[in-house]
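Colleague: Same order as they appear, the protein sequences are chains D and U.
Residue 154 in numbering that gives the first Met the number 0 is what sits at position 155 of the first sequence, and the numbering runs on without skipping anything.
Residue 4 in numbering that gives the first Met the number 0 is what sits at position 5 of the second sequence, and the numbering runs on without skipping anything.
Please keep in mind that the hints were generated in silico from the structure rather than gathered at the bench.
These numbers were taken from a predicted model, which means no experiment stands behind them.
Do not take every clue at face value.
[What the hints assert, rightly or not] In silico DSSO-like pairs for lysine-lysine, Cα to Cα no more than 30 Å straight-line:
(1) D:165 with U:370
(2) D:165 with U:312
(3) D:30 with U:267
(4) D:165 with U:299
(5) D:30 with D:62
(6) D:41 with D:165
[What the hints assert, rightly or not] Computed from the model, here is a short list of chain D residues facing chain U with C-beta under 8 Å:
(7) 18
(8) 20
(9) 154
(10) 158
(11) 161
(12) 165
(13) 170
(14) 174
(15) 176
For every residue, glycine included, the Cβ atom is placed at its ideal position computed from N, Cα and C.
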Amino acid sequence: METTATVNNGVDVVALLAARQALSEAPEAAKCLWRASCDWVKGTHSNSRVESFYALGTEHHHKKAFTFATDHPELFSAEDRGATPVEMVLVGLAGCLTAGIASVAQNRGIQLHSVTATLEATMDLQGILGVDSEVRNGFEEVRVTFVVDADAGRDDILALVAQSQKRSAVFDIITNPTSVQVAVK
Amino acid sequence: MTAYPAAIRAEVDGAVTAVVIGAGHAGLAMSHCLSALAIDHLVLERGRVANAWHRERWDSLRLLTPNWQSRLPGFAYRGTDPDGFMTAAETGAFIAAYARAIAAPVHTGVEVTSVQRRGDSYLVNTNQGRWACRGVIIATGAFAAPLVPAVSAALPATVNQYTAHGYRNPGHLPEGGVLVVGGSATGVQLADEICASGRPVVLATGEHVRLPRSYRGLDIQWWLDALGVLDQRHDEIDDLHRAQRVASPQLVGSDTGHTLDLNALQAKGVRIAGRLMGIGGGRAQFSGALANLCALADLKQNRLLDRIDAWAKTRGLDQDLPTPTRPPSTRVDSRPLLTLDLEAAGIRSLVWATGFRPDHSWLQVPVFDAKGRLRHQGGVAAAPGLYVLGLPFMRRRKSSFIHGAGDDARELAAHFKGYLDSLSGAIPAAAVAATA
C-alpha cells in the first residue's frame, strides 16, 4: 500500500482494507441486502425511499431516509416531477464509479483535486413503445467521460478509472445479466 | 530412533520417509532435492513419467517458455535450439530424460487412491499397496482437471462441448462456427488454430493478460527473467490470492515468434466478445465490460514495458537495443457482441478454455478451505510433513513453470528436513529396505 499521510481523498482506506481482510476470513458476513420502497403518486410520478439495509450480519439504518421522485418529462405527456428512472440508473453508475475512483486513488496514494463525470446513454423508444420487437427496451450503449485532475500521470489516471470499473457494483449490474424476480402479494 | 508404532507397521506394505506423488517436472525436482539431503523417498506416478504431457494436451501445444529456460535442479536443456519452444511430446521426453539423469525412484502405474494422517505418519493407499511415510509431497500439478462453468448445462444439444483436456485439434470439431470461451494462453491458441482451419470463431474473454512475444528484440521471458519478475516471492506481494488466480498470459511458443494477442486474432478474423455470462433460449450472453478489461490489459502491458525500458537504461543496454515501441491499444468494436443466437450464427461447437484446478480429492487430511482449495503457505500445507508443488504463484511467480520448480523444491525439501529433525524419532532403515 502506498498511502501516505499527505494524500487525503476523504476515504478511510485503512478501514476498507481491514474490512476486506475480515470478510475474506468470514465470507458469511459479506452478505448484504439492499432495499428500496416505492409509492405511486399519479401518472408516471412515483416516490421511492431508501432507509434500511442489512450488512455485516445485522440491520442498519441510513442517518435519515432518502427519497427520490421519478417521473417522465412533459414531452412524454407527463409532469416532470422527477428524473426518469433510466436517468436514475445513470446516477447510480456515476456515483459508483466516482466513489471507486476516490477509493482506488487513496489506496494508490494519488491525491485527487477534482473528478467530473458526464454520462450519456442511447435508447431507441421503439423498444418500450412496442413498435419493433427487435429493439430492446433498455440502453443501447452507455458512455461515461471522466475529467480527473490529480497528482498523477495520464496512464496512472487511466488505470485508476479502469480499476474503478473493475470493482464497481453498478458497472457490473449494467454490463452483466442479473436475475430479477417480481412478485405480487 | 523410534520405529513406526506396531499398529501402523502391521497395516502397511512398506515404509519410507517421504512419498512424492506425481512424476512430472516438479515431483522429479523434489526427488532430486530429497536425495541431496539423503532423505529416502518414492515417487509414485499414476501413468508414465510426465504423463499429462503425453496424454492430456492438445496436439499443437508448445511451452510458453523458450528452451534455454527449461532448467531443473541438476539438469537443463542442452539441445541446439535454445530459443525454440518444445512441443508437448518433446517436453515429456525432456522430463523423462531428467528422471533417468537423476535416477529418481519412480514407481509408474501406481495410482494414489487416498492419503490419511495417522499420528505423526501418513498412510498412502494406492492400487499397488499401502505405504507409511513421514511426509507427502503433492506434485500432481495445477492443471489436473478442467474447470467448466455451471452455465455449460444450458448449452443446446446442437452445440458440441469440449474442454482443453479433451480437445486435440480442429479436425475433431464438426464443421461450422466455434465459440471459444476463455482469453488465457489456451483460449487464444485454440481460437487461432480453429480459425486457421476455416471455421468462424468467436472468442469470449474476461480478464486477461496481454504480453508481446518479444520486446526490443528479446523474448519476453528473457525480460521477465532478467528483471526478476518471475522470482517475486509469495511473501513479497500485496494480494497473493489475486496473483494466484491470474490467467496465463496470451502467449504462444512457435517457430515464428509471433505475438498472439486479441489484435492479432482479430486481424485473422476471430470475433472477440466479453466474458460469457449466461446461456438461455439458445443464446449466449456476453458481458458489456470487454472494453474496460482490454484497457486494463493494455495499461498493465505498458507498465511492464516501461519497467523493462527503465531497467535497460540503468543497465546501460539502451543504446544497443531497438528503440522502445508500444503496441497499439486493443481494438474493441464500438458495438461489442452482447448476445449471440448460437443456431442462427452457425455455432456448432464450444471449447471451454476456462482454466484448470488441481485434483486433491484423494487427500483425506483436513487442510482445505471453505471453497475446497488446499490451504498452504508457500507450499507448506496446514499439516506437518505435507507439501504441495507447482501451483500458480505458490512460492514465487514462476512456481507453476518448469524452471520454477527448482527453487521451490529446494526450500520445501529443506523445510521437510527441519521437520524430520524436530521429530523425536526417525524411520528405521530396516523399514525402508522393506519397500525397495
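Colleague: Indicate, hint by hint, whether the structure satisfies it.
Modeller: Structure-based check of each hint:
1. For the given pair, residue 165 of chain D sits about 23 Å from residue 370 of chain U by alpha-carbon distance, which is consistent with the 30 Å threshold.
2. For the suggested pair residue 165 of chain D and residue 312 of chain U, the alpha carbons sit about 33 Å apart, so the restraint of at most 30 Å is broken.
3. Straight-line distance between C-alpha atoms of residue 30 of chain D and residue 267 of chain U comes to about 44 Å, which puts the hinted pair past the 30 Å bound.
4. Restraint check for residue 165 of chain D and residue 299 of chain U: the C-alpha separation of about 14 Å stays at or below 30 Å, so the hint holds.
5. This hinted pair checks out: residue 30 of chain D and residue 62 of chain D have alpha carbons roughly 21 Å apart, not beyond 30 Å.
6. At roughly 39 Å between alpha-carbon atoms, residue 41 of chain D and residue 165 of chain D are farther apart than 30 Å, so this suggested pair is violated.
7. Contact between residue 18 of chain D and chain U, as hinted, is not supported at the beta carbon level, the nearest pair being about 15 Å apart and thus beyond 8 Å.
8. Proximity of residue 20 of chain D to chain U is violated relative to the hint, the smallest CB-CB distance being about 11 Å (cut-off 8 Å).
9. Proximity of residue 154 of chain D to chain U holds as hinted, the smallest CB-CB distance being about 6 Å (cut-off 8 Å).
10. Hint status for residue 158 of chain D: holds, given a least beta-carbon distance of 5 Å to chain U, under 8 Å.
11. The beta carbon of residue 161 of chain D is positioned within 8 Å of a beta carbon in chain U (closest approach about 5 Å), and the interface hint is therefore held.
12. About 6 Å separates the beta-carbon of residue 165 of chain D from the nearest beta-carbon of chain U, less than 8 Å, and the hint is met.
13. At its closest, the beta carbon of residue 170 of chain D sits 7 Å from a beta carbon of chain U; the interface hint therefore holds under the 8 Å criterion.
14. The beta carbon of residue 174 of chain D comes within 4 Å of a beta carbon in chain U, closer than 8 Å, and the hint placing it at the interface holds.
15. For residue 176 of chain D, the suggested interface contact is upheld, since its CB lies about 5 Å from the closest CB of chain U, less than 8 Å.
Taken one by one, the earlier hints fail for this structure at numbers 2, 3, 6, 7, 8, listed in ascending order.
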